[in-house]
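Q: Chains B and V are the protein sequences, given in the same order.
Residue numbering for the first sequence follows this note's numbering, starting at 644 and increasing by one per position.
Residue numbering for the second sequence follows this note's numbering, starting at 23 and increasing by one per position.
A hint or two may mislead.
Distance condition first, Cα-Cα at most 27 Å in a straight line; then the derived DSSO-like pairs of lysine-lysine [stated by the list, open to error]:
| hint | chain 1 | residue 1 | chain 2 | residue 2 |
| --- | --- | --- | --- | --- |
| 1 | V | Lys354 | B | Lys816 |
| 2 | V | Lys323 | B | Lys840 |
| 3 | V | Lys323 | B | Lys816 |
Hints in this document: simulated from the structure, not taken from any laboratory.
Predicted model, so just to flag it, every value in this text is computed and none were measured.
For reference, the chains in residue letters:
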Amino acid sequence: MRLTDALRYYVNTRVMGWTAIRVNRLYSEMKTRFRKERKDSYTAPPLRISSRTKEMIARHYLDGRFAKPYRKVAWVTSGAPVEILNALGFHLFYPENHGAICGVSRTAEEISGEAEDAGYSPDICSYARTDIGSALSGKTPVGKLPPPDILVACTNICQTVLYWYGFLAHHFKVPLILIDTPFIYTEASDHSIEYVKKQLEAAVPIAEGVAGKTLDERKLKDFMYKSRIAMDLWMEILGRGAHRPTPISAFDQFIHMAPIVEMRGHSHTIDFYAAMLKEVDRRIAHGIGAVKNERKRLLWDNLPIWHKFRFLSETLGKHGVVLAASTYTNAWAELAPMIDPEKPFESAARAYLHPMLNRGAGHKLNTMRRMIEKYSLDGVILHSDRSCKPYSIGQMDQRTLLMSEYGIPALLLEADHCDPRYFTDARTTTLLMAFIEMLGQ
Amino acid sequence: MHEALTSIPCRREIIRAHKESGGRVAAVLPIHYPRALFRAFQILPVELWGPPEIDPQYSKAHLQPYVCPLVHNALSYITGPESEVFDLVAVPHTCDSLQGLCSILTDLILPRQPVFPIYLPRGRRESDAQFLANEFHALYRKLEALTSLSPSEDEVMACILREEDADEVLAELNRKRKFLPLCQRDFYHLLRSREYLPAERFCELAKSFLAKAENESRDKGLPIILSGIVPEPMSLFEFIERAGGVVVADDLACCGRRLYGPGEDNDVFRRMAKSILSAPPDSTRGSSIQERADHMVRMVKMSGAKAVLFYCMKFCEPELFGHPPLRDELNKINIPTLVIESELSEASLNPSVGSLELFLETILCG
């Protein structure tokens, strides 16, 4: 590493880039402060913290853009044990998050079209298609993506990452660390925990080799400790959704979950969620709900439909319906108690084995039941996401059981988290209207 | 069908005979599992590759339309009346869809039989072999509880050796395929009888055909490699033959990707695990694209194939991801490729026959 590389990185990011982003944020905050609240809006104004979320994401992508050759870059799955990589100084890039950005910015169709033109089937996951399309064409709504020096895929969210990261390893000709996490039905067996722990330990020398430095165990513990604090805060924020009216909706959670996924383990993430918690508490104190005239409270299951945020929030908000909780955002909170910085490998093995997607359909049903009680919910929308089979298989029975055994109205909504071709406004509006009517007054 | 093949007992007969002898029968889903371990408990594993031509009416109430037809058919079959003969269902975690199926069977649908998941590691590292051995050990305990039998290590080893013999004979059949007096469909009928015949019966049958091997190759037509999960419906081979092609090697999950070598370990569980991990590259076990491409290129060179046909099941992610890079690698050595999709039924195959004919004709004329 040359001094000039470091200098170029810090000037481009910390001095120039971050300053520009900060100015942009301050300007945005000022505008928000003086903006009059729209009377015709059915939802509360965005959380003030939103401009900080944008700032954090922008900084993260800017750091990535100028990372090379000063910093090594790791592309990782959302369920990957990133604390080891953080401790080794990698810049982390999340293709799934990039897919979500493409979905929100409505560029996913065009970018994934590049993958389809190269022969990739429209039946594969739209995140993967978007990422492959981006890798093949260089197209992205964020300017430029940092090419990876290493890839880390953890199967605790799906097996799709195995094939997806297989493509990336082949395309970029870089090492792929695979952390295979056996599926859990009741509880993780000792040999499963041991298996994951061994893989984590084996990943260290590979990552060290790429990073060109040795893992400092104190740093690792520090990242785990901070990850744990950030996850605890995130859990507290989600828990505030139980208030009536709920101060934050699942739409807010989807927007503000980016730091817990991408930047957990960093001090600024803790500061961010601490500030967010304060703002949410202020809303509670002032009786501000995410939806004005809250009438009905729902649970959202599965990934969001990134390209239809506004449409869905307005359609529901118009009828006083709020998504008070989501099984998806909950996934980054529920593992916090398992993380023990004093036993970094063993506790990481245990925690990363237990995401909801790596557990049986019965566990998810029980989670939904618990959430329905905790958040006093009136119904459930199950997004049947054609791009996410692990999340979606089981929903048809879960819906039947929620309705027949627990008397909870539930709607199965067919769509795709990124690909707009599987969503029609008219059909969805009809379905939602019928469902809202079924919920009653 | 070849006269001698008509003597192969069908699944139903084999199941009935095994049950009459006091044994149990397991319905096993694709792809990899420890056959010997089931046999040690006097359980005959009978594989369910779909099955094809099942009315998926029942599964449509439980699975979304974007789940692959193999899983749809399997669910309809397992919950239907014909599955009553099975005493247990074993589901290897081959992909997200099969994992999901196992999960809903275990937690939500609850079929008549107990459901045993088998988690397969996604690598070939030492830690993967040890984990798989531990999984097999855990499966041993479950089968022990189910059957009240406790086969000794020697008994398990005897079963392993029988399966290894059958695997060796299976490999020999593949090596001598062009010298056997069988048409393509009959040849695959013979190969796939390994999906339900006890190892010793399969060996006996296969050896009788190997004894009839001729000195000269019978292959007439354009040599191709068939890649995919399962060649259902089997009329696929007739279409290939009619279009002037002949399958000289395969990369099928039900056949060529299960040419296991012996496990080379004295511990029975590790031996079974190592044997499974020794199989050719497989998209569902984490093989890299390069490993798969190298394997296919090797097959092309050894078999003299002039084209590769990717016969893909609709919505099969493990396969779909691999096609573009594998086709690129094959194109580099001037091997043309074609991808056709099917849903395990004649009706879904028929629209692709035209493109298959055109593909083979173009190569034959070129």
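Q: Need the status of pair lysine 354 of chain V, lysine 816 of chain B: alpha-carbon distance at most 27 Å?
A: holds (18 Å)
Q: Just to be careful, I want the Cα atoms of lysine 323 of chain V and lysine 840 of chain B compared with a cutoff of 27 Å; is the pair within it?
A: Status violated; Cα separation ~41 Å.
Q: With the threshold set at 27 Å, check whether the alpha-carbon distance from lysine 323 of chain V to lysine 816 of chain B stays at or below it.
A: Given pair lysine 323 of chain V, lysine 816 of chain B holds - Cα atoms ~25 Å apart, limit 27 Å.
Comparing the model with each earlier hint shows a violation of hint 2 alone; every other hint is respected.
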